[in-house]
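So the protein sequences, as listed, match chains U and G.
Under the working numbering, think of the first position of the first sequence as 1, with each following residue one higher.
Under the working numbering, think of the first position of the second sequence as 1, with each following residue one higher.
If you are wondering where the hints come from, they were derived from the structure by calculation, not from laboratory data.
Don't take every hint at face value.
To be verified - In silico lysine to aspartate or glutamate, DMTMM-like type, Cα no more than 20 Å apart, as pairs:
no. : chain 1 : residue 1 : chain 2 : residue 2
1   : U       : K42       : G       : E5
2   : G       : K57       : G       : D84
3   : G       : K1        : U       : E107
4   : G       : K1        : U       : E59
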Amino acid sequence: EPEVTQTPSHQVTQMGQEVILRCVPISNHLYFYWYRQILGQKVEFLVSFYNNEISEKSEIFDDQFSVERPDGSNFTLKIRSTKLEDSAMYFCASRADRSGNTIYFGEGSWLTVV
Amino acid sequence: KNQVEQSPQSLIILEGKNCTLQCNYTVSPFSNLRWYKQDTGRGPVSLTIMTFSENTKSNGRYTATLDADTKQSSLHITASQLSDSASYICVVRRSKTSYDKVIFGPGTSLSVIP
Numbered sequence: 001e002p003e004v005t006q007t008p009s010h011q012v013t014q015m016g017q018e019v020i021l022r023c024v025p026i027s028n029h030l031y032f033y034w035y036r037q038i039l040g041q042k043v044e045f046l047v048s049f050y051n052n053e054i055s056e057k058s059e060i061f062d063d064q065f066s067v068e069r070p071d072g073s074n075f076t077l078k079i080r081s082t083k084l085e086d087s088a089m090y091f092c093a094s095r096a097d098r099s100g101n102t103i104y105f106g107e108g109s110w111l112t113v114v
Numbered sequence: 001k002n003q004v005e006q007s008p009q010s011l012i013i014l015e016g017k018n019c020t021l022q023c024n025y026t027v028s029p030f031s032n033l034r035w036y037k038q039d040t041g042r043g044p045v046s047l048t049i050m051t052f053s054e055n056t057k058s059n060g061r062y063t064a065t066l067d068a069d070t071k072q073s074s075l076h077i078t079a080s081q082l083s084d085s086a087s088y089i090c091v092v093r094r095s096k097t098s099y100d101k102v103i104f105g106p107g108t109s110l111s112v113i114p
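Chain U on its own, in the form it takes in the complex (with noise of 0.2 Å):
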């Protein structure tokens, strides 16, 4: 079965540095997520990404954070200064296309600032 997968599966970083993680979503998928999930708390959106730009964003999804598709496979979440409440776990997911109706998760990536 395809599957979402995401590097790095665990970072750590000191605040104030620039974190990138990767994902690559499932060949055809044409819709694309980032979703993080505190320790203990409930998974929140952050931002949606269709036909090479943002289509939705959340109020986290701030100016620290930026999303690009560099090359037709991989999908990144920038996270430019990371303070120590950016400490999550990161879900990128994807979706085939507007009628496809289940998102599919890869594992995450643990992110953990210092």
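Given the coordinates of chain U, work out where chain G should sit on it, guided by the hints.
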């Protein structure tokens, strides 16, 4: 306000017993509702998806119900197994004509003990 609530917050049951998890939502306009299983530290995995016209849907030992009038859903797990121990998350997607966003419930933590 678009919200998804789940109960109970946590549940402990004996192996082999049945259980029912509840989800109430105020999301509008409604497109579909999904139940996900999330093992600790892993990405959510889809169990069932239900649209407005569906009342019941089964997936093995999992049976989901939806009452779109009262905006309630339940997930019934039959003959529980130790591997069912996980967080079960109710996720509601807003209408396709609306912004492309899904709203997560806080999850029910299920522990199945021998």
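Hints, verified against the model:
1. U:K42 with G:E5: This hinted pair holds, its Cα atoms lying about 11 Å apart.
2. G:K57 with G:D84: holds, 18 Å
3. G:K1 with U:E107: violated, 30 Å
4. G:K1 with U:E59: holds, 15 Å
When the structure is compared with the earlier hints, a violation turns up for hint 3 alone.
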